[in-house]
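So the sequence lines, in the order shown, correspond to chains W and E. So the first sequence is residues 1 to 700, counted in the UniProt record's numbering. So the second sequence is residues 1 to 230, counted in the UniProt record's numbering.
Hints should not be assumed to be uniformly reliable.
[Unchecked claim] Here are the simulated DSS-like cross-link-like pairs (lysine-lysine), alpha carbons at most 30 Å apart as the crow flies:
(1) K669/W to K171/E
(2) K621/W to K74/E
(3) K171/E to K625/W
(4) K683/W to K171/E
(5) K81/E to K695/W
(6) K81/E to K319/W
(7) K621/W to K177/E
[Stated by the list, open to error] Computed footprint of chain W on chain E; a stretch qualifies when at least three of its residues, placed anywhere within it, have a C-beta under 8 Å from a C-beta of chain W:
(8) 13 to 27
(9) 126 to 136
It is worth saying that the hints were derived from the structure and are not from the lab. Just so it is clear, CB atoms sit at the ideal spot from N, CA and C, and this is done for glycine as well.
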Amino acid sequence: MSLSNKDFKLIREELGREPSDVETELFINLWSEHCAYRSSKSILRQFNSEGPNVVIGPGDDAGVVELPNGVKLAIGIESHNHPSYVDPYNGAATGIGGIVRDIISMGARPIALADILRFGSLSKEKNQYIFEGVVEGISDYGNSIGVPTVTGEVEFDESYNGNPLVNVLCVGKVEDLITAKAKRSGDKLVLLGSSTGRDGLGGASFASEELDEDSEEEERSSVQIGDPFTEKQLIECILEMNEDNLLESCRDLGAAGLGGASSEMCSLGGYGAEINLDKIHTREEGMNAIELILSESQERMLIEVKEDNLGEIDQIAKKYDLDYSIIGEVTEDERYRADFEKKTVVDLPIDFLTEGAPLYHRKIEPSEPKQPILTSEKGEKSLKQKIDEILSSHNIGSKEWIYKQYDHEVQIRTILRPGEADSAVLRIEDNAIGISSGCLSKHCRRNPFMGGLGSLLTNAMNLATVGGLPLCLVDCLNFGSPEDKEVYWKFREVVNGINMGARALEVPVVGGNVSFYNDSEEYQQPVNPTPSIGMLGWISDSSNIPDFEIYAGQKLIRLRGKRRNYKKLEEDNDMDKVIEEKINLINLARDFVKEEDVSAARTVSRGGLIAALAKLVYSSKKGLKAEVKERDLGKEITRMGYAEAIFVSDHIPDKEEFNVIGEIDDSGKIEVVGENQDFSLGKNEINKKIEGLNKYMRGN
Amino acid sequence: MPKISVIQFPGSNCDRDTKHVIEDVIGCRADLNWYESADLSNYDGIVLPGGFSYGDYLRAGAIAAQTKIGNSLKRAAREGKPILGICNGFQILTELGLLKGALTTNSYPKFRCEHVYLKVNNTESIFTRKFDKNEVINLPIAHKEGRYYNQDPELSELKNSNQIAFKYSNKEGEVTKASNPNGSCENIAGLINEKGNVLGMMPHPERASEDILGSTDGKKILKGMIESIN
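Here chain W stands alone, though its shape is the one from the complex (with noise of 0.2 Å):
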C-alpha cells in the first residue's frame, strides 16, 4: 500500500518538505481507513454516546460504564477478519489478545469474551478448515488467558467464502480506572512485554485492503503469532502495577504498533512524545527504523511512568518473568519525534499524524429495488420442508461443538452458560449482566435500515428473556469496500437502523470499530452486511433468573406485536411507531420475567418459532403441546418478529400481547396443533437435526 497522490500532497504542504521513508510509512497506517475512520466517521457520528450510566465513550482502548451498584465495566469490540482468513489459528487467538489487552489498559481485570463469527458454509473445506482454526485459535488463546468465552454467535453463508469474520468482545471490571491519555510532560514511556520482531508488519494497512488469492502466501508476516503465557502474565503484571499506583496511563500496541500507540497516547493528553527506537528489545537483529515503529509483534504495552516509579516497575516486571525498556518520554511540545541510530527519523506535528487525515465524502446507490426482509420462509416447500430446513441448519442447530471448547466458567460468574439461553448471565457483586451479541446479517443484505434495527432489537430482547435492562452497546461494523456505493449505501443504511433503536432504546453506543474492505477477489463478493452488536444488560436481582429448569404442566406463553408491512411503514416514514411498540414489547417481556416466576424464555428469532420451540425443548429435555391458530401455520411459525418471545411458567400475564400457546410435558415431543393443519416431531428427530452440527464436525 502507497499513499495517495492527495495525502502526499497535504502532508507535504503541511510539513513544508518531503517526508522521511520512516514518516511515509507512519502516515500510510495511521492514516489507513483501519486506524483513522475515513469513511465511517462522518456517518457514526450520528450515533449517541452519551449517558448517565456513560464513564468513557469512544475514543479510548475501550468504553466504561458505571452499574447501578457502583462497579464500573469496560467494554470493547474488535475484529480480526483477514488475520484469519489467512492464518485461521493464530488470526483469531491474537484478535483475542487485541482486545484483552483493550481491556486491561483500562485498569480492568478481563471477566468475558463473546465472539461473532461467519464462515462460509461447511460444505467447502477449505471454510472447514478456517471454523475448526479459529474456533482452536479462541480456545486455547482464551482458555490459558483464564477468562471465560460466554456467549457468541456462529453464521455460515456463502457471502463469506474467501472472507471470514471473527469479531471479538471482551467485557473487564475496572478496578482502578486509568486511561490512555498521556498525563504530564516529563513522564517515561516505558514499552512493556514481549520483544518486538518483524512479525505483523503493516497489519493496519493489511486490513484496509482486499483479500484475494495471494495474500494467503504473501500477508503472512503481516499475521502475528500469539502467546497466551505472556498475555497472562502481562494481565496480572499490569493490574499489580496499577494496583500499586505506578501507572498514569497505558495503551495497548495494536494496529500501527508502536508508533500508534506512542503518538495516540501523547496526542490524546495534549503531549508530544520522544522515542528512541534504538532502546527497544527486540527478538531478532537488524531491524530497521519502519521494522521497528510499525512491528505488531503481540503482548506489548505501551505505559506511562513517572521517573521515580521505574524501580518499582522494574521489580514487578521481573516478578512476572517480563521483559521492558524505556523507550522515550512525554514532551511538552506537540511534536512526534523518533530517533534510530543517532538521527532523527520522524519529527512531525503530532495531531497532524494521529488526527489530520481528511475524511473521504464517498458516493452513495441504493440497491434497487429496496427488497422486503424475508421474514419468514417463502416458496412452494410444504411445512415439513420448512422446518427440516430450519432445524436441520447450522445456523439454527446446537453449537455445543464449539462452545464446549471454550471455558466459560473460569472465575466463577457464570450463571447461565452457552447453549443455555439467548444471552450469558454473570454475577457481578450481589446483583448480575446479560451479555447479548449478534445481528442479523441477512436480513442486513436485503434491508439494511430494517436489518441494522432488527439486530438491535433481537439484541436487547435477548437480555430481556433473562430479565436484563440494556446498560450500553459496542458495534463492529463488517462491510465490503467502502468504494463500492452500494456497499456504502448499505454501510449509512444499516447505521441508521441501529442507530434509530438506540435512541429509541436510550442505549448509548460506548465503541465500536469500522472493518471495510471484506471482499474476496476469488468469489468476487463483498460479505453481507454485518454489524455485530455487543449488548451489556443490568440485572438488579440475581436470584431471580430463569433457570430453564421446565415441567410438565407449566404454561407455553407467546408474545408477539402487531402484524406490520415494514415496507409500507417505511416508505411513509412511520418507524418510529413500530420502533415504540418494538421496544413495548421488549419492555413487557422483561418486567415479566424480573416480575413473577419464569422458569425459561426464548427470543423467537432467527428460524422463527419453530425455532424457538426446538431449542427449548432439546436444551430441557421436555415436550409440549402448542396450539398456533393461523390460517398458514408454515409462514407463522418460521416468522421472525425482531422483538417476539415465548416463555414458560405458571403465571400467565394480564396483557393482550401475551398468550398461552400450549403446555409443557414429558413427551420430548413437539406438537402443534394449526387451523388446517398440524404436524408433530418427535424426540429423536429433533435431536438429530438440532445437532447436526456437532455430528458433523465430529465426523458422526
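Mind docking chain E on chain W? Use the hints.
Quick look at chain E alone, frame taken from chain W:
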C-alpha cells in the same frame, strides 16, 4: 483457624476462584502465595489451583513441578499436610510424583468444558468423607490434557488400596464409556495418595460450591479437607 495456601504459578488462573470459595463461602483463611516466595511451613493445607502454569508449554504441569516449590510440596506431603491439586494442580502433582500415573491429551483432542457426573469411589479420605458411598455428584470439567493414564501393576495397586477417589459416570452412577469425557483409564477423575493426604482431580470443586452456579457438591470436598485440619 486453619490457614490454607493457594499457590500461584505464572499462568495459574483459578487461584482467585479457589481463594474466594475457601474464604467467602467456607469461611476459612486462604492466602494467595506466589510460587517463588511461598513459605509452606506457615500453612496447614495447600491447594494447587487450576490454570495453565507456564502456558502448559512442554507438558501440562511439567515446568511448574521443576520450580523450587516442588521440594517444599514434597516435604509438606511427607509431613501429612492436606494437599489438593485441581486440574492443572493434579497435573503438577503427577509430574512431582506425589500421585501416580500421568495426564495426557484427551482422546478427542480438544478442550472440553462441561458439567459431568462423578461416582464417589472412596468415602474414607479427608476430602471425600462427606459423601455417601457410591454417591453421584455433579462437577464441571475444563481441560484438554485430562486423560489419566496408568498401567498394571500400579493401576491394580491404586484400586486395591482404594486410592481412586472419583470416576466419571452417568447420572445413575454407572461407570460407562459414554460417560468418560476424556478417555481416562478406568474413568478415573480423581486420585488420592497412599497416605490419604494428597488428592488430585481434574473436575473443579471450586466451580461447584455456590447455589447460584448450579451445584454445591464441590464445596464438600474443600470443606472436608479444611475440617480435617483441626
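Verification of the hints:
For a cut-off of 30 Å, the pair hint linking K669/W to K171/E stands: about 22 Å separates their Cα positions. For the hint pairing K621/W with K74/E, the CA-to-CA distance comes to about 48 Å; that exceeds 30 Å, so the pair is violated. Between the alpha carbons of K171/E and K625/W the distance comes to roughly 28 Å, so the proposed pair stays at or under 30 Å and holds. For the proposed pair K683/W and K171/E, the alpha carbon gap of about 20 Å is at most 30 Å, so the pair holds.
The hinted pair formed by K81/E and K695/W fails the criterion: a straight-line CA distance of about 46 Å is larger than 30 Å. Proposed proximity of K81/E and K319/W is supported: the alpha carbons are some 28 Å apart, at most 30 Å. Among the hinted pairs, K621/W with K177/E is consistent with the structure: their alpha-carbon atoms are about 22 Å apart, no more than 30 Å. Counting residues of the stretch 13 to 27 of chain E whose CB lies closer than 8 Å to any CB of chain W gives 6, so the stated coverage by that chain holds, three being the minimum.
With 0 residues bearing a CB less than 8 Å from a CB of chain W, the stretch 126 to 136 of chain E misses the requirement of three and the coverage assertion fails.
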